[in-house]
Amino acid sequence: NAGVTQTPKFQVLKTGQSMTLQCAQDMNHNSMYWYRQDPGMGLRLIYYSASEGTTDKGEVPNGYNVSRLNKREFSLRLESAAPSQTSVYFCASSEAVGWSIGGTDTQYFGPGTRLTVL
Amino acid sequence: GNSVTQMEGPVTLSEEAFLTINCTYTATGYPSLFWYVQYPGEGLQLLLKATKADDKGSNKGFEATYRKETTSFHLEKGSVQVSDSAVYFCALYSSASKIIFGSGTRLSIRP
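These protein sequences, in sequence, are chains A and B. Going by the working numbering, the first sequence opens with residue 1, and the numbers climb by one from there. Going by the working numbering, the second sequence opens with residue 119, and the numbers climb by one from there.
Incorrect hints may have been included.
[Stated by the list, open to error] Simulated pairs of lysine-lysine, DSBU-like, Cα-Cα distance not exceeding 30 Å:
no.	chain 1	residue 1	chain 2	residue 2
1	B	Lys-216	A	Lys-71
2	A	Lys-71	A	Lys-9
3	A	Lys-9	B	Lys-216
4	B	Lys-170	B	Lys-186
5	A	Lys-57	B	Lys-216
6	A	Lys-9	A	Lys-57
[Claimed, not checked] Partner residues are not named here, just some residues of chain A that face chain B (Cβ under 10 Å, in silico):
no.	residue
7	Val-4
8	Gln-6
9	Gln-37
10	Leu-43
11	Leu-45
12	Gly-58
13	Tyr-64
14	Phe-90
15	Ala-92
16	Asp-105
17	Thr-106
18	Phe-109
19	Pro-111
20	Gly-112
What the hints contain is simulated information worked out from the structure, not anything from laboratory work. On a predicted model such as this, the values are computed, not experimentally measured, just so you know. Ideal placement from N, C-alpha and C gives every residue a C-beta, glycine not left out.
My request is simple: use the sequences and hints to build the entire structure.
Pasting the structure below:
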């Protein structure tokens, strides 16, 4: 059982280049999430998808786009990378459809993608 | 808005020492509270959670009690091991703010 997988693990971009981070889960989860993790800060939510076919902005969506390709896959795209987007990106998934009212839904995280923008 | 504040690290302890990592929160309503752990090179894993006041979450010898009167959710373990070395994140969920993570506390355990 692979859980949540992310590709690539490392990436270096030049300012202005574009790229797509891939995420897939094999747990038949309904909700998927993209976070960024910066030094000295907690994870910040970029976008999430409460169910197949829906996406919503999180705390820091500017400069990113997402696609929920199907129930398994949720990709994050940087159209024109900037140095401020240098970070570690984590994808996560959870079973609930949307944010459960009790907020008890456990999120399962991938291993992360370390992105450097020069 | 809602927020989570954790004690700054790094925290360095000797094996078998008692651990406390402080976490306080600001939130309207009744958020759910979580502790996640991140081992080197890995993504976050849920360690424990509590969904209402006075609930105690526990897992792998770690405990945290949801204290509404002090808006706290401190993580404790009676006897730490080298394998507990990791970064620990306190987090809260509310319908208004979704999930918010603290900045993380790095824990190092000396043999």
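Hints and how they fare:
With a CA separation close to 21 Å, the supplied pair Lys-216(B) and Lys-71(A) stays within the 30 Å bound. Straight-line distance between C-alpha atoms of Lys-71(A) and Lys-9(A) comes to about 22 Å, which keeps the hinted pair within the 30 Å bound. About 27 Å separates the Cα atoms of Lys-9(A) and Lys-216(B), which keeps this hinted pair within 30 Å; it holds. Under the criterion of a C-alpha separation no larger than 30 Å, the hint pairing Lys-170(B) with Lys-186(B) is consistent with the structure, at around 9 Å.
Between Lys-57(A) and Lys-216(B) the alpha-carbon distance is near 11 Å, which keeps this suggested pair within the 30 Å criterion. In summary, the hint linking Lys-9(A) to Lys-57(A) is supported, as the alpha carbons are separated by about 24 Å, within the 30 Å threshold. The criterion of a C-beta within 10 Å of any C-beta in chain B is met by Val-4(A), whose closest approach is roughly 7 Å, and the hint holds. For Gln-6(A), the interface hint holds, the least distance from its beta-carbon to any beta-carbon of chain B being 8 Å, beneath 10 Å.
Here the hint on Gln-37(A) is kept, as its CB sits about 8 Å from the closest CB of chain B, short of 10 Å. For the restraint placing Leu-43(A) at the interface with chain B, the shortest Cβ-Cβ distance is roughly 4 Å, inside the 10 Å limit, so the hint holds. Hint status for Leu-45(A): holds, given a least beta-carbon distance of 6 Å to chain B, under 10 Å. The interface hint given for Gly-58(A) is met, as the beta carbon of that residue sits about 7 Å from the closest beta carbon of chain B, less than 10 Å.
Restraint check, Tyr-64(A) versus chain B: the minimum CB separation of about 16 Å is more than 10 Å; hint violated. Given the 10 Å rule on beta carbons, the hint for Phe-90(A) holds: about 5 Å separates it from the nearest Cβ of chain B. The interface hint given for Ala-92(A) is met, as the beta carbon of that residue sits about 7 Å from the closest beta carbon of chain B, less than 10 Å. For Asp-105(A), the shortest C-beta to C-beta distance to chain B is roughly 8 Å, which falls under 10 Å, so the interface hint holds.
Hint on Thr-106(A) holds. Least Cβ distance to chain B is approximately 5 Å, under the 10 Å limit. Taking 10 Å as the C-beta contact cut-off toward chain B, the hint placing Phe-109(A) at the interface holds, the least distance being around 3 Å. At its closest, the beta carbon of Pro-111(A) sits 5 Å from a beta carbon of chain B; the interface hint therefore holds under the 10 Å criterion. Here the hint on Gly-112(A) is kept, as its CB sits about 6 Å from the closest CB of chain B, short of 10 Å.
Hint compliance for this structure: hint 13 is the single one not met.
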